[in-house]
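Please build the complete structure, drawing on both the sequences and the hints.
There are 2 protein chains.
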Amino acid sequence: MIQVIVTGHGNFASGMLSALKLIAGESEHIHGIDFLESFSTEDLKEKIQEMIESVNGEIVIAADLVGGSPYNVAVTLMTEFTDKEIKVIAGVNFPTILSSVFADRDVPLDVFVKNIMDEGMSAFSEFKPVSMKMCEEEEDGI
Amino acid sequence: MIQVIVTGHGNFASGMLSALKLIAGESEHIHGIDFLESFSTEDLKEKIQEMIESVNGEIVIAADLVGGSPYNVAVTLMTEFTDKEIKVIAGVNFPTILSSVFADRDVPLDVFVKNIMDEGMSAFSEFKPVSMKMCEEEEDGI
Numbered sequence: 001m002i003q004v005i006v007t008g009h010g011n012f013a014s015g016m017l018s019a020l021k022l023i024a025g026e027s028e029h030i031h032g033i034d035f036l037e038s039f040s041t042e043d044l045k046e047k048i049q050e051m052i053e054s055v056n057g058e059i060v061i062a063a064d065l066v067g068g069s070p071y072n073v074a075v076t077l078m079t080e081f082t083d084k085e086i087k088v089i090a091g092v093n094f095p096t097i098l099s100s101v102f103a104d105r106d107v108p109l110d111v112f113v114k115n116i117m118d119e120g121m122s123a124f125s126e127f128k129p130v131s132m133k134m135c136e137e138e139e140d141g142i
Numbered sequence: 001m002i003q004v005i006v007t008g009h010g011n012f013a014s015g016m017l018s019a020l021k022l023i024a025g026e027s028e029h030i031h032g033i034d035f036l037e038s039f040s041t042e043d044l045k046e047k048i049q050e051m052i053e054s055v056n057g058e059i060v061i062a063a064d065l066v067g068g069s070p071y072n073v074a075v076t077l078m079t080e081f082t083d084k085e086i087k088v089i090a091g092v093n094f095p096t097i098l099s100s101v102f103a104d105r106d107v108p109l110d111v112f113v114k115n116i117m118d119e120g121m122s123a124f125s126e127f128k129p130v131s132m133k134m135c136e137e138e139e140d141g142i
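Quick note, the sequences are listed as chains H and A, same order. Oh and the first sequence: position 61 is 61 in this note's numbering, straight run, nothing missing. Oh and the second sequence: position 7 is 7 in this note's numbering, straight run, nothing missing.
If you are wondering where the hints come from, they were derived from the structure by calculation, not from laboratory data. All clues given are correct.
As the list makes no split between identical chains, a pair holds if one copy fits it or if it spans any two.
Below are the DMTMM-like pairs computed for lysine to aspartate or glutamate, each with C-alpha atoms no more than 25 Å apart in a straight line:
(1) 87 <-> 50
(2) 47 <-> 26
(3) 128 <-> 80
(4) 84 <-> 43
(5) 128 <-> 53
(6) 87 <-> 119
(7) 45 <-> 28
(8) 128 <-> 118
(9) 128 <-> 85
(10) 114 <-> 126
Quick look at the structure:
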């Protein structure tokens with residue numbers, strides 16, 4: 001069963017997971033690891049490593065941004081765990097994490113990653129009010 | 001001066017802001033409002049309304065996802081505050097929030113929104129290892 005480990009600076013991961021809990025309830029395949037101010041990079045690496053070792057199945061590590069310690073540690077661990085299939089994604093938004101709860105897990109890992117990233121990307125948007133005038137014009141074929 | 005109000009379910013907003021503080025320090029133009037389990041939608045609306053009233057300048061409200069209470073309240077307030085220029089975006093990732101600290105604020109609000117969303121979108125990615133063999137092939141023009 002594909003597992004998702006969310007990680008990021010400060011309380012990024014626990015913030016995402018608290019939102020997830022309110023919307024989707026407890027999700028046993030989604031895990032969060034915060035990189036707190038008091039942690040060293042080694043502390044963070046140890047925590048993510050322990051999480052990787054404790055779960056069964058393929059793993060997606062979802063980091064807050066490219067190039068930060070959580071991302072760099074994730075990429076390092078991805079190369080070190082040669083016996084586990086691990087993918088690392090970064091810049092994830094909440095819809096990506098939410099969709100990872102409901103997405104089909106009976107697919108290859110790269111398809112799962114593509115599916116949740118597509119969901120996340122399409123959910124990133126600006127609210128644009130549509131005026132009644134515009135709707136009427138469209139109905140008139142203008 | 002353009003202000004950004006981050007809002008979302010649970011500790012989404014405070015999680016984002018804690019990550020922001022670690023990377024960019026205190027950002028006086030970026031604010032966070034959590035929609036906690038103990039809040040009613042009215043409580044949330046009141047808090048965002050107070051925030052809108054307390055700040056000067058144009059406002060971007062950045063919500064966790066389309067269709068949740070934080071987003072819906074933001075859209076409602078956007079239509080109610082006819083004397084303030086407010087934009088609502090949703091599905092924001094951390095790079096969007098981070099770029100909102102450093103983005104040029106001497107531009108029209110719609111340009112600011114486009115700029116931070118472009119930054120956020122381009123920072124949403126999967127790590128793909130590039131083998132030396134591929135690099136050599138590219139150098140050979142293959």
